[in-house]
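**Student:** Residue-level listing of the chains:
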Amino acid sequence: MGNHAVKTTAPVAVDMSWLETPASTARLSFRGNAAAIAAASTAFGVPLPTEACRAATVGTRSALWLGPDEYLLIAPESERLAIIQGFVRDLAAHPHSLVDVSHRQNALIVKGPHAVWLLESGCPLDLDLSRFPVGMCTRTLFEKSEITLWRTGTDTFHLEVWRSFMEYVTALLTETAHELPA
Amino acid sequence: MSTFRTTKGGRVDRAHPLQFTFDGKAYVGFAGDTLASALLANGVHLMGRSFKYHRPRGIVGAGSEEPNALITVIRDAARRTPNLRATQIELYDGLVAESQNRWPSLQFDAGAVAGWLSPLLPAGFYNKTFMWPRAAWHALYEPNIRAAAGLGIAPSLPDPDHYAQRFAHCDVLVVGSGPAGLAAAKTAAASGARVILCDEQPAFGGSLLDDRNATVNGQAASAWMADTLAALAKNPRVRLLSRTTAFGYFPHNLIGLSERITDHLAELPSGMPRERLWQVRAREVVIAAGAIERPLVFPGNDRPGVLLASAARTYANRYGVLVGRRAVLVTGCDAGYEAALDLMAGGAHIELIADVRPPGYVAGPAEKAARAAGLRVEQQSTVLGTQGTLRVSGVKIASVDASGQISRGRSYDCDVVLMSGGYTPSVHLHSQSRGKLVFDDSLGAFIPGKPAEHSHSAGAANGVQGLTALLRDGATAGANAAAAAGFTASAIMHTGVALDGTMAGVPGVLSQPTVLPPAKAFVDFQNDVTTRDLALAQREGFESVEHIKRYTTTGMATDQGKTSNLNALAFIAEQSNRRIPEVGLTTFRMPYTPTTFGIFAGHARGDLFDPVRKTPSHDWTVARGGVFEDVGMWKRTRYFPQAGEDMKAAMDRECRAVRHAVGMFDASTLGKIEVVGKDAATFLNRFYINNWSTLGVGRSRYGILLRDDGFVYDDGVIARLAEDRFHVTTTTGGAARVFAMMEDYLQTEWTELSVWITSTTEQWSVVAVQGPRSREVLQTLVSDLDISAEAMPHMSVANGTIAGAPMMLFRVSFSGELGFEVNVPARHGTAVWEAIYNAGKPFGIAPYGTEAMHVLRAEKGYIIVGQDTDGTMTPDDAAVAWAIGKTKPDFIGKRALERPAMKRLDRKQLVGLLTVDPQTVLEEGAQVVATAGQTVPMTMIGHITSSYYSAALKRSIALGVVAGGRALVGQTLYVPMPGRDIAVVVTSPVFYDPKGERING
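Chains as they are written, first to last, in my numbering: chain A, 1 to 182; chain B, 1 to 1001.
If we strip away everything but chain A, and leave its shape as in the complex, we get:
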């Protein structure tokens, strides 16, 4: 029965205005105990949040709580070496770990009125503003990829994705974008 032709509407260009790929930044994985966290807040110039799954931003630097002893520090690339040297200097007395992971992952910004809709296609978390407020961040899954998800605005999410998973995450989001009304 191959004699039937399927009628399909003309393809429409997919609106990709929801996607932004920011320039590379410095990323540092910081781990340490409470005293080190306090010292790191001073060294980094951003109070490292002690509330679970919250991010803090001062100027161009942000600290994301990823675990009780673990933070992702984000800053402009040009400040990377100075920050590392500052930690060596200021945290000498506090056992900690600071590892440069600037190249381990890249960022994606998903924004606009359909941002939550797009992310709900692969992320099992409740992204309602009442459950996932602005400033919340967490490691989670997007389909089969681990991501770090950070809500930077009502309609804006910052995703941190490991390099080799970026193509997969972007392709999935783009496929879901086809479902959006033109």
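A couple of the hints might just be wrong.
To be verified - Taking lysine-lysine and the DSBU-like style, the derived pairs with C-alpha atoms no more than 35 Å apart in a straight line are: (1) B/Lys8 to B/Lys234; (2) A/Lys144 to B/Lys635; (3) B/Lys841 to B/Lys954; (4) B/Lys368 to B/Lys396; (5) A/Lys7 to B/Lys8; (6) B/Lys954 to B/Lys648; (7) B/Lys903 to B/Lys886; (8) A/Lys111 to B/Lys234; (9) B/Lys841 to B/Lys635; (10) B/Lys396 to A/Lys7; (11) B/Lys635 to A/Lys111; (12) B/Lys648 to B/Lys635; (13) A/Lys7 to B/Lys25; (14) B/Lys841 to B/Lys648; (15) B/Lys436 to B/Lys450; (16) B/Lys886 to B/Lys995; (17) B/Lys903 to B/Lys888; (18) B/Lys894 to B/Lys995.
Stated by the list, open to error - Which residues of chain B face chain A? A few of them, derived with a C-beta cut under 7 Å, are: (19) His603; (20) Arg613; (21) Ser754.
I should point out that these hints are in silico values taken from the structure, not numbers from a laboratory.
Here a beta-carbon is modelled for each residue, glycine too, at the ideal position from N, C-alpha and C.
We have chain A already, so just place chain B on it with the hints.
**Tutor:** Structure of chain B alone, referenced to chain A:
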């Protein structure tokens, strides 16, 4: 055009006619029709042939409960969907539909011969009839039974559509949008709760869509419904999902919804998925799934034109279609009378209403209305049979007197027989969620008992009757659900006015002069199960309903017995003098209605089946025709063929380049973990078998990791970058599990240690530069670091710059040659790879892949964890016991290694195996035996783990594990293969440069 369409009324759009074909014949319907209503409007009742006896079958229902009218819808060669219910297929212009299970045509079906053979096909016939001769089962009986079985033809081409999935969360999920569901959603939404309202039908409203005269709060029900839906649609906290079936109730209030997006459209919208899976995590669920009318069981009850009274109402009131012009209603339920009134209002003649209830019942409102309308009612009736071939033409009604005596009966001419056996609440989701069911004697059906999850059954699904009561029950459930979800809610009450016929009925089989009448009385239409089959099963000793179900297949068709289960239970109960609840109930299983595989696959197909992880050299390799292999999610280059080369030629050349000049290999996929803290060395001492305290800064060492059972789990080179900082590498496949194991020990066992771990696998791009000229190549690129043999000996590590990128350089070798591994931050990876290649050209550099890498390491006897080990090998078995730090007090697995069994001399040990014929390459996985000529079962003493042809040695080599193998060096063993035993000599596993001089070049 159609002869059975009413002149007005219904919710179809008469201004929009739609063309469609059924079995090649052209018809016209209206927008808003289903295939079923459009065919009925054209006077077509015959829509399929039954599964086993190929009996002509017509429409029974009007919704998802339809057991008979299974249809194939065809859009093109690949989009061919079988077993769709005609009652749920929404008409679109150009729809092509075909009936199933018939040949050569629906009207004349050769398979109907099965009906004449039916005495040979009783319940469980395949267990009895085809027992002899035994050999014929596989050759003859089973293939033929399989060919005859099954409904519809599955499409043979890949599904060209795509399917989407999404997650959703809500406070209250309302399943079903009849009066109870709408009232629940309205109340819950008013409390501020996040609400999802779903309904399997294209329009919201449920039973309100089928009622001509109902009002709510004095307003026409349709107007109230429209107002309510408009208000819900405006509420941003409410999501309305039509064409969406709640098919499964999973633990912790996770509900699976299947949303059909394009099946009803004439034109497929570009880019849209065909269906969408919603995984809804709901705090509370309101199950307002309604109730399904039961057929009556009497001889000939499956003839086309015999259908449910409620379906006749739906067709008349929703679609403006009369299912017949001359109707006999057979009813055991007051609500059944409403169909007669609606058909009469549409212009049909009601020949007779035969009420089959036993004497003594109280007449309900619908019966009273029917009598007031002048319709003829015969009480204490039964049905002795029906007439007609492809369409019912008459029905024989008899009366039952007080003593149970049945009259001879009289035939009535008719073109349709409506039947109503009472209503069965749709308790499927409640039961799926492990909620218990209780039998309601007044209703004659099971209703939901105490819920097991956070769910609230409401409305007809809860056994409630009457419009006002349905609205009240729904509102109450909505309020309770919202309150349980933490909202302040008060039920918004409504007053409904409708005829309100009662739902109680008479489950089971109508009285007959003999227990088993000659004509078949069907209980399960879709699986062709008759009263005879159920009686036979009981005669043969099946008592449990679960056994009877499986023996007769009643309730096991794709409709899962939506219309048949209670009748079967009632019949079994009556036959065995038990009450229905004593017979028990079979399990309600998901999905509620058949669900496509597509929604479960979702995006996970083709290129998006899994993440495809690519290394920095990927595009460069693609451009040069490199061949890849999958290693976990990674694409790794297998070999780099040059013009005219096959795999063997390419890997031989790549191996020669590494042995004689220089090769480069992308090792970026290796797992990398940075271990930092003042206790880093202590941690690694406990974690790996080696001694790390003695490792100096700027030096590295090969480490082995065991599980706590003492068996090799992972390996890798570990470098000390600073007193308190180590760079650990793991196998490609082991990266995630080694990291998780470290974190586990740090968080649970060794919390006192001041040490932290960070994954750096993807921070670093790694190029292995291996071969006698590797240093020369790197010296052209590195100017700020002395990499001479003296300054940078084997197993050292240093920082420098390469091609403008910061570099961490390891002097390390997995080839046995002088070698380095260049680590650069990953965004520099591609540029550095190209720089090394260009710098290496004058030295004859060859990029090499995993095949060559495997040969090179096997020539040196270097193991690959997971290939040469299998989770049962100790360090000694794997010939790496030298790595154990003997002076350490403890490490993971140390205690297990002390067990006597771990020290036995006959454990399988890693050895080299050289074939006597140097050109024979053994098969990996082949077994090893001690002597030639053994017969099965042989005494197997080992097996081959790695086997290659070595270009360097100009012969084959193999690694294997052999019981007590190291004591057998020099002896000849055998590898039995089909037709021959291959002689092999046991050797050391190190085949090439056994003194290890080349590595220090």
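**Student:** Hints the structure violates: just list their numbers, smallest first.
**Tutor:** Violated: hint 10 alone.
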